[in-house]
Amino acid sequence: MIKRLRIKNFKSYRDSEFEFGKVNIVVGPNGSGKTNLVDAFSFLKQLITPLSYPPYPFIRWGDYKNIVFMQDENLDISFEMEGKFMGKGYHYELSLNNLQIKKEIINFDSYSMERRGNVVKYENKEVNVPGNLSVFNLFFTVHPFVIVHNLNFLLSDEFLNFMTNFLKDVGVFRIIPQIAVSPVHFTFPEALDENGRGLVKVIANNLTKIESDETKPVYDFLTENNISLKPVFTEDGNIRLHFIEKSENKELILPPTSIPDGFIKMLTILIAVYLLKLSTIVMDEIENSLHLKYIENLIDVMRYSNTQFIATTHSPLIIDFMDPSEIIILNKERGETKVNKVQEPNKLKEKLAENGILLSEWLLY
Numbered sequence: 001m002i003k004r005l006r007i008k009n010f011k012s013y014r015d016s017e018f019e020f021g022k023v024n025i026v027v028g029p030n031g032s033g034k035t036n037l038v039d040a041f042s043f044l045k046q047l048i049t050p051l052s053y054p055p056y057p058f059i060r061w062g063d064y065k066n067i068v069f070m071q072d073e074n075l076d077i078s079f080e081m082e083g084k085f086m087g088k089g090y091h092y093e094l095s096l097n098n099l100q101i102k103k104e105i106i107n108f109d110s111y112s113m114e115r116r117g118n119v120v121k122y123e124n125k126e127v128n129v130p131g132n133l134s135v136f137n138l139f140f141t142v143h144p145f146v147i148v149h150n151l152n153f154l155l156s157d158e159f160l161n162f163m164t165n166f167l168k169d170v171g172v173f174r175i176i177p178q179i180a181v182s183p184v185h186f187t188f189p190e191a192l193d194e195n196g197r198g199l200v201k202v203i204a205n206n207l208t209k210i211e212s213d214e215t216k217p218v219y220d221f222l223t224e225n226n227i228s229l230k231p232v233f234t235e236d237g238n239i240r241l242h243f244i245e246k247s248e249n250k251e252l253i254l255p256p257t258s259i260p261d262g263f264i265k266m267l268t269i270l271i272a273v274y275l276l277k278l279s280t281i282v283m284d285e286i287e288n289s290l291h292l293k294y295i296e297n298l299i300d301v302m303r304y305s306n307t308q309f310i311a312t313t314h315s316p317l318i319i320d321f322m323d324p325s326e327i328i329i330l331n332k333e334r335g336e337t338k339v340n341k342v343q344e345p346n347k348l349k350e351k352l353a354e355n356g357i358l359l360s361e362w363l364l365y
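Quick note on the UniProt record's numbering: the sequence shown kicks off at 1 and runs consecutively.
To be clear, the hints were calculated from the coordinates, so they are not data collected in a lab. Keep in mind that this is a model prediction, so the values were computed, not measured. The beta carbon of each residue, even a glycine, is placed where N, CA and C say it ideally should be. Be aware that one or more of the hints could be misleading.
[Claimed, not checked] Across the chosen pairs, the derived CB separations fall in these ranges:
#1 G62 - M86: 30 to 40 Å
#2 G62 - P189: 22 to 32 Å
#3 M70 - P29: 16 to 26 Å
#4 H314 - T187: 32 to 42 Å
[Unchecked claim] Here are the simulated DSSO-like pairs of lysine-lysine, each with C-alpha atoms no more than 30 Å apart in a straight line:
#5 K209 - K84
#6 K121 - K84
#7 K338 - K103
#8 K22 - K8
#9 K168 - K230
#10 K209 - K293
#11 K338 - K8
#12 K216 - K293
#13 K250 - K22
#14 K351 - K293
#15 K349 - K3
#16 K121 - K8
#17 K293 - K250
#18 K349 - K293
#19 K293 - K246
#20 K293 - K230
#21 K8 - K332
Using the sequences and the hints given, assemble the complete structure.
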């Protein structure tokens with residue numbers, strides 16, 4: 001679970017701090033910086049757990065100039081993050097300029113590691129590392145082995161587990177339903193991309209779990225919608241997903257194009273929560289494609305699952321399901337995003353109830 005995030009000089013965030021709880025709904029006018037918060041998590045994941053080496057975390061935005069505050073390339077981008085991993089506290093600091101990482105500080109439980117420039121210090125030892133690699137890039141898993149950069153020190157199993165898995169249990173999503181159910185090659189990783197791609201592989205590898213009580217919320221969702229899943233392996237090595245709908249005594253085999261986007265999006269979220277067991281989900285415009293029935297289901301998932309949610313929304317309906325303490329309000333002043341939370345949320349709840357005003361109306365007016 002992520003408890004705190006401080007962002008400096010990233011896109012519209014000159015120096016902003018967020019404090020997160022179990023459910024966090026980020027609201028604000030168009031252009032206030034909601035999507036930039038999602039981008040911040042995306043950037044951190046691309047830097048710390050890159051899909052390719054050497055990492056180039058700016059690829060989505062073109063180059064450094066397009067993500068630094070006011071496009072001032074002389075500024076360093078920095079992040080501070082605090083939270084819990086496997087029940088133990090961590091603190092992480094990162095500062096970089098373009099492809100050069102200037103500082104990293106990692107504190108996990110009783111372990112500490114510090115990087116200044118190209119020098120990493122752990123306990124009483126030092127090692128030089130490439131300037132464009134995060135300390136986390138020095139440890140990665142090629143199942144079932146952990147590959148370690150040429151280091152002159154050893155980590156305990158507990159600290160090594162943290163270094164190889166940090167942020168891997170955080171999902172950043174902008175789900176595009178038809179991409180989520182598009183075919184993938186059987187060699188595709190068993191994971192979900194930001195747009196949901198990979199859902200077919202995850203389902204194919206875990207169909208028995210999905211069809212049992214092991215992931216009951218997923219099973220119940222499929223049953224309520226009278227749908228079952230059928231992965232199909234093709235001769236060219238791809239995996240396709242068909243949906244089976246029962247109609248009287250007949251089974252209809254439906255292609256993904258015949259399935260509503262809202263159903264696919266909801267299925268993707270449920271699988272991320274109950275099958276992949278992500279600790280945190282960060283999602284942009286979480287309400288998109290979802291009917292009221294699915295939104296109510298989603299609110300229950302946010303409330304009662306073990307997964308933390310950080311989501312942006314424009315939907316009054318989502319806002320009105322929330323407690324005022326769960327709302328994060330963004331506004332932009334002179335190009336800079338300002339972050340606020342509701343002060344004295346309990347008093348605000350009483351005031352809204354007395355005056356018959358919805359939370360979304362209070363935020364709007």
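Do the hints match the structure? See the list:
As the Cβ distance of G62 to M86 is approximately 36 Å, the hint placing it in 30 to 40 Å holds. For G62 paired with P189, a C-beta distance near 26 Å keeps the hint of 22 to 32 Å intact. Between M70 and P29 the Cβ separation comes to about 20 Å, which falls inside the hinted range of 16 to 26 Å. Look at H314 against T187: about 38 Å separates their beta carbons, and that is inside 32 to 42 Å.
For the hint pairing K209 with K84, the CA-to-CA distance comes to about 28 Å; that is within 30 Å, so the pair holds. Annotation: proposed proximity of K121 to K84 holds, straight-line Cα distance about 23 Å (limit 30 Å). Distance check on the hinted pair: K338 and K103 sit about 25 Å apart at the alpha-carbon level, within 30 Å; holds. About 24 Å separates the Cα atoms of K22 and K8, which keeps this hinted pair within 30 Å; it holds.
Between K168 and K230, the direct Cα distance comes to roughly 28 Å. Compliance with the 30 Å bound is thereby established for this hinted pair. Between K209 and K293 the alpha-carbon distance is near 25 Å, which keeps this suggested pair within the 30 Å criterion. With a C-alpha separation of about 12 Å, the suggested pair K338 and K8 falls inside the 30 Å cut-off, and the hint holds. Proximity of K216 to K293 is assessed by CA-CA distance (about 18 Å); at most 30 Å being required, the pair is judged to hold.
Only pairs whose Cα atoms come within 30 Å are accepted, and K250 paired with K22 is rejected, the gap being roughly 43 Å. Between K351 and K293, the direct Cα distance comes to roughly 28 Å. Compliance with the 30 Å bound is thereby established for this hinted pair. Between K349 and K3, the direct Cα distance comes to roughly 24 Å. Compliance with the 30 Å bound is thereby established for this hinted pair. Between K121 and K8 the CA atoms are separated by roughly 24 Å; this keeps the pair inside 30 Å, and the hint holds.
For the given pair, K293 sits about 27 Å from K250 by alpha-carbon distance, which is consistent with the 30 Å threshold. Note on K349 and K293: the hinted pairing holds, with a Cα-Cα distance of about 25 Å set against a maximum of 30 Å. For the hint pairing K293 with K246, the CA-to-CA distance comes to about 21 Å; that is within 30 Å, so the pair holds. Proximity of K293 to K230 is assessed by CA-CA distance (about 25 Å); at most 30 Å being required, the pair is judged to hold.
Between the alpha carbons of K8 and K332 the distance comes to roughly 15 Å, so the proposed pair stays at or under 30 Å and holds.
Violation of the numbered hints given earlier is confined to hint 13; every other hint is satisfied by the structure.
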